[in-house]
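In case you want the letters, here they are:
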Amino acid sequence: MSGPVASTPSSLRKSVALVWRTLRSMRTAIVLLLMLAAGAVVGSLIPQIPNSPQRVAAYQVDHPLWAKLWQAAGFFDVFGSWWFALITTLLFVSLVACLIPRSRAMIRAARAKPIHARELDAFPAFAERRVALEPEAAAAKAATMLRRKHYRVELDAASGSVAAEKGALREIGSLAFHWAFLLLLIAVIVGKGTGYVGHATIVEGYGWTDAQFNYDGDVRTGRFFGGDFSGTQIQLQNFQDDFRTSGIPMDFSSQMSLTAPDGTTEQADVRINHPVVFNGIRIYQFGFGWAPIVQVRRGDQTLFDGPVVLGQTTPPGGNPLAQPWTGFVKLTTLRPQIAIAVRLYPDAVAYFQSLATGVPQPMTEANAPFMEYEVWQGKLLDNSLTTLDTRFMHQTSQGLIGKGWTVDATRGCVISGTSGAIPASLGNVTCPTNGGPATLTMGFPDLRQYTTLQISHDATVPWVLAAAILIVLGLLPALYISRRKVWVRARPDGTGSSLQVGGFALQRKDRFDEEFASLVEAVTTAAGGATTRESQPESRPESQEVSP
Amino acid sequence: MTTEQWARLSSDAFNLALFAYIAAMIASFAYLAFRRERLHTVATAIGVIGLVANGVSIVTRGIAAGRTPWGNMYEYSTMITFLVVLGYLWFIEARAKVRTVGGFVYAMAVLWMAMAVSFFYVGPTALMPALNSYWRQIHVTAMITASSLLGIGCLLTIVYLIKAASERRELERLRTGTTPPPIMGGAGVETSDQDAPPDYAGGADEPVGSATTSRKIGLPPSATLDALAYKFIRFGFPVWTFGVICGAIWAQQTWGRYWGWDPKETWSFITWVIFAGYLHARATAGWKGTRAAIVALVGFVSLLITYYAVNLWIAGLHSYAK
Ligand code: HEM
Chain W
1 MSGPVASTPS
11 SLRKSVALVW
21 RTLRSMRTAI
31 VLLLMLAAGA
41 VVGSLIPQIP
51 NSPQRVAAYQ
61 VDHPLWAKLW
71 QAAGFFDVFG
81 SWWFALITTL
91 LFVSLVACLI
101 PRSRAMIRAA
111 RAKPIHAREL
121 DAFPAFAERR
131 VALEPEAAAA
141 KAATMLRRKH
151 YRVELDAASG
161 SVAAEKGALR
171 EIGSLAFHWA
181 FLLLLIAVIV
191 GKGTGYVGHA
201 TIVEGYGWTD
211 AQFNYDGDVR
221 TGRFFGGDFS
231 GTQIQLQNFQ
241 DDFRTSGIPM
251 DFSSQMSLTA
261 PDGTTEQADV
271 RINHPVVFNG
281 IRIYQFGFGW
291 APIVQVRRGD
301 QTLFDGPVVL
311 GQTTPPGGNP
321 LAQPWTGFVK
331 LTTLRPQIAI
341 AVRLYPDAVA
351 YFQSLATGVP
361 QPMTEANAPF
371 MEYEVWQGKL
381 LDNSLTTLDT
391 RFMHQTSQGL
401 IGKGWTVDAT
411 RGCVISGTSG
421 AIPASLGNVT
431 CPTNGGPATL
441 TMGFPDLRQY
451 TTLQISHDAT
461 VPWVLAAAIL
471 IVLGLLPALY
481 ISRRKVWVRA
491 RPDGTGSSLQ
501 VGGFALQRKD
511 RFDEEFASLV
521 EAVTTAAGGA
531 TTRESQPESR
541 PESQEVSP
Chain F
1001 MTTEQWARLS
1011 SDAFNLALFA
1021 YIAAMIASFA
1031 YLAFRRERLH
1041 TVATAIGVIG
1051 LVANGVSIVT
1061 RGIAAGRTPW
1071 GNMYEYSTMI
1081 TFLVVLGYLW
1091 FIEARAKVRT
1101 VGGFVYAMAV
1111 LWMAMAVSFF
1121 YVGPTALMPA
1131 LNSYWRQIHV
1141 TAMITASSLL
1151 GIGCLLTIVY
1161 LIKAASERRE
1171 LERLRTGTTP
1181 PPIMGGAGVE
1191 TSDQDAPPDY
1201 AGGADEPVGS
1211 ATTSRKIGLP
1221 PSATLDALAY
1231 KFIRFGFPVW
1241 TFGVICGAIW
1251 AQQTWGRYWG
1261 WDPKETWSFI
1271 TWVIFAGYLH
1281 ARATAGWKGT
1291 RAAIVALVGF
1301 VSLLITYYAV
1311 NLWIAGLHSY
1321 AK
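Top line first, the protein sequences correspond to chains W and F. According to this note's numbering, the first sequence holds residues 1 to 548 in order. According to this note's numbering, the second sequence holds residues 1001 to 1322 in order.
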C-alpha cells in the first residue's frame, strides 16, 4: 500500500481503494451492525404502516408535526425505508468485501503445509524429553501420533522435524456462518419481495379462489411480486372447534378440498399450528366465526340468499365467546336502499342463563340460535359488511328470528316458526293472520360456521431455514474451536534422541496447558518412551525437562 | 393435593426464594466489605435455600397448571432467576472459585423476581392453542437459558468495569506517587487477552500484585472477570441465536410468517446484533476491554427491553403476557 508509486493513480482510484479498505475493516462491521440495531429500535418504537396502519393514522392525528418529520424520514416504515436498505446494502458489501479475501486465505491455508520451526523453546509451551528411538524414527512416530490426534502434520524425517496444527474448523465455521448470514439476508429479501400474504374467509359448504379481489381487505404483496396469484380453489367442507369447559379454545380445524388450476386435488385438514402447503401457497388457520344463511324476499322476488359473515366487538376484559355476533345484509339495488342489521346469539340456552344469573356464559355451540334484527331504510354510504353508517337512514322495524323461522321484516313479526327456548316476552310476536301480504320477508334456514385462513406465498422459506441451520452450525466451531500449533524436533542424543516439543494456542489458551502436557506424554511414549538416566549415562541432567 | 394447594405452595416457595435471595445478597455484600469467612458460608447457604425454594416454586406451578411452567412472563422470570443463581453457584462460585461477586448476582435475582410479581403475575392457567407448540417449548427454553447466560455475563461485565476502573486508579496512583510502578502487577486492563485469564484456579479473589497493597476493591482481578464474562456471553450467544431461529420456526407454523418485525421479534434481533457486535469488538484491537464491555452492557439493556419493556409498553403478537 505504501512506498513510491510508479504511475500516480487517480485520486478517484485512491478513494475507491480507501472506501473498499474501510468497508473491509471489522470496525466498519461493528458500526454497521450497531446502526442496523439502532434502525430496528426506531422501527419498534414508532408505529409501522405494515404492522398497524390504524396506529399510524392515529399518530398522525395526535402529533401532526412529528408525524410529518417521521414520514419524511421513512420512520413509519423503517424496514422498507431507503436508509434501512442502505445500511443493509453496506453491510452486504462489507460482508462480501471481508469474506472473499478471508475465504481465499482459508483455501490457501488449507492447501499449504504446516511450516517447520526452529527455536521450539521460544514457544509459550515447551518440553524436552529423552527417548529411546533414533531421531528419524522418533520424528516419524511422533508424526503418526499427532495425526491420530487429528492434527494436520508435516514431517521432515531427515532432519527429525515435525510441524502440526489443528483447529482449521474454527475458520471454516466462521466463514460458513458469515456466508450463511449473507444467504439468509438475500433469501429473506427475495422471498418477501416476490411473495404475498392475505386473509380469506370461507363459509362451510362454500368455495374460494386465490385471486386478488377475493381476499378480505388488502393482500400484502412484495415489492417484486408480478401479480400472478396461484388460482387455487378451496372448498370448505367443515369447520370444527373444541373448547374446554372454561371456554378456553383448545383446537380449531378446517376440513377442505383443494384444487390447483391444473386439476390436481387434495383433501386437507388445516389446524392451528398445522398449516397445509399446496400448489405453492401455505394455508393457516387464522380465525373463525358464525355465518347464518339468510334469505330476503319481496313477494316472490329473491333479494338476498346466502351466508352473512358475522364479527364481534368485544368490550375490554369481556369474554368474547359470551358476546353476540353482528353483521349486515345490504340491499343496494332497492330504492330506497335497505340494510338489515343482525345480532346473533348462537346458544340461546347459554344466553338466557347468563341473563338470569348475571354471569356471562360462553356460547361455543349452536343451540337454538336466534338473531335480533333491525331494518334500516335510506341511502347506504358504503358496502362494508362490518359497519353501517346510519346518517342517511332511518330504522323502520325490528324483531327476532330463530333458526328455521320466517319473519315479516317490515312489521317485525313472526310468520312461521316455533319459539322453543326463546321466551315469548322477548318480542317474537306472531303476525296477525289478516295483516295482508308481507312486503319484506326474511328466512333463517341454517346456521353455519366460517373459517378465516391466512394464505401466503413465500418461495424461499426452505432457503431461509437452510441458512439459519448453517448459521448455528457455523457459529459453534467459530466460537468454541481453538487453533493450536505444535512442533516436534528430535536430535541425536546418545543411542536415542532428545525430543523437543513446543506449541501454542491462539484461543482458549487456558485449556491448552493440559492438552499440551498430555500431547508431550503421548509423543514421548510413541517415540520409544522416556529413557531413564541409568541407560543413558552420558545425558545432561539439566536437559531432562524444561518447563516454560 | 388440589390445584389450588399446588398453586399456593408455588406462591409460598416463590416468596421464600425472594426473601432468601435478599438475605443472601446482604450477606454477600457484607462478605465483600468485611471478608469474614463465615459471612460467605452464610451467604452460600441462604443462596442454596433460595435456589431450592425457587425450583420448588417452578415445579409446583407446573403441576398446578398441568403443563411445563414457562408459559408467560411471570414464569419466564422465575425460571431465569433460577438459572442465573444456579449458574452463579455452580460455575462461578464452585468451579471458578470467585466468591466476591455473589452480591451482584443476588441483587439481579431479587430485581428479576420483584419485577415478576409486581408486573407480570398471573395465576396458573392453560395456554391458548396458538401458543401450544412443540417449537414454542424449545424456543422458550432456549431463550430462557440464553438470557440467563447473557445476564450472568453482563453482570460480570459490570463488576469488571468497576474493578478495571479501580485498577486504573491504582496504576495512576503508583505512577504519580513515590512508589515505583509494579512489574506487571496483574492489572492487565487493556492487555486482557481474548480468553486467557490468569490462572484462577485458587484464590482468584486476591489481587495478584500483592506488593501494591493499598485501598482496593476486594474483587477478582479485572482480567479474570473479563475472561469469565466472555465465557458466559460466548456460551449465551449461540443459544440466543438458536432460540430466535426456533421462534421463527414457531411463528412460521402458527402465524404463517417466520418474521414480521413484531416488537418482540425486532428486539430479540436488536439484542442479537448487539451481542454479535460485542463478539467482533472482542476480536478487534482498540475495542477490547472497556469499549467491548460497554457494548455488552448495551446488549444487556436491550435484552431487558426484549423481555420487559416490550410486554409492558409495546404490544404485539407476543403480548400474551397478561
Ligand atoms: C452482518 C453481521 C455479522 C455478524 C452477525 C457477525 C458475527 C460474527 C461472529 C459471531 C463472529 C465470531 C466472533 C469470535 O470468533 O469471537 C464473527 C467473527 C468475525 N467476523 Fe463477523 N459478523 C458479521 C459481519 C461481519 C463483517 C461485515 C465482517 C467484515 C468486515 C466480519 C468479520 C469478521 C471477522 C474477521 C471475524 C473473525 C474474528 C476472529 O475470530 O478473530 N463480520 N462475526
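Think of the hints as simulated: they come from the structure by calculation, not from any bench. Any given hint could turn out to be false.
[To be verified] Only part of the chain F face toward chain W is listed, based on derived beta-carbon distances under 8 Å:
no.	residue
1	W1006
2	A1007
3	L1009
4	F1034
5	G1066
6	S1166
7	P1238
8	I1245
9	Q1252
10	Q1253
11	R1257
12	W1261
13	F1269
14	G1277
15	H1280
16	A1283
[Claimed, not checked] The calculated DSSO-like cross-link candidates involving lysine-lysine, where the alpha carbons are at most 27 Å apart (straight line), are:
no.	chain 1	residue 1	chain 2	residue 2
17	F	K1288	W	K485
18	F	K1288	F	K1097
19	W	K113	W	K485
20	W	K509	W	K113
21	W	K149	W	K509
22	F	K1288	W	K509
23	W	K485	W	K509
24	F	K1097	W	K509
25	W	K113	W	K149
Values in this document were obtained by computation on a predicted structure and should not be read as measured data. Beta carbons: idealized from backbone N, C-alpha and C, even for Gly.
Against the structure, the hints:
1. W1006: At 18 Å from the nearest chain W Cβ, W1006(F) fails the 8 Å test, so the hint is violated.
2. A1007: violated (15 Å)
3. L1009: violated (22 Å)
4. F1034: This interface hint is violated because 31 Å lies over the 8 Å limit.
5. G1066: violated (11 Å)
6. S1166: violated (24 Å)
7. P1238: Holds, about 5 Å.
8. I1245: holds (5 Å)
9. Q1252: Interface hint status for Q1252(F): holds (7 Å vs cutoff 8 Å).
10. Q1253: holds (5 Å)
11. R1257: holds (7 Å)
12. W1261: holds (5 Å)
13. F1269: holds (6 Å)
14. G1277: Where the cut-off is 8 Å and the nearest Cβ of chain W is about 5 Å from G1277(F), the hint holds.
15. H1280: Cβ of H1280(F) sits 5 Å from chain W, so the hint holds.
16. A1283: Check passed: Cβ of A1283(F) comes within 7 Å of chain W, closer than 8 Å.
17. K1288(F) / K485(W): holds (24 Å)
18. K1288(F) / K1097(F): holds (25 Å)
19. K113(W) / K485(W): holds (12 Å)
20. K509(W) / K113(W): holds (23 Å)
21. K149(W) / K509(W): holds (18 Å)
22. K1288(F) / K509(W): holds (17 Å)
23. K485(W) / K509(W): Holds. K485(W) to K509(W) sits at ~12 Å (cutoff 27 Å).
24. K1097(F) / K509(W): holds (19 Å)
25. K113(W) / K149(W): Roughly 17 Å between the alpha carbons, so the hint for K113(W) and K149(W) holds.
The structure shown violates the earlier hints numbered 1, 2, 3, 4, 5, 6.
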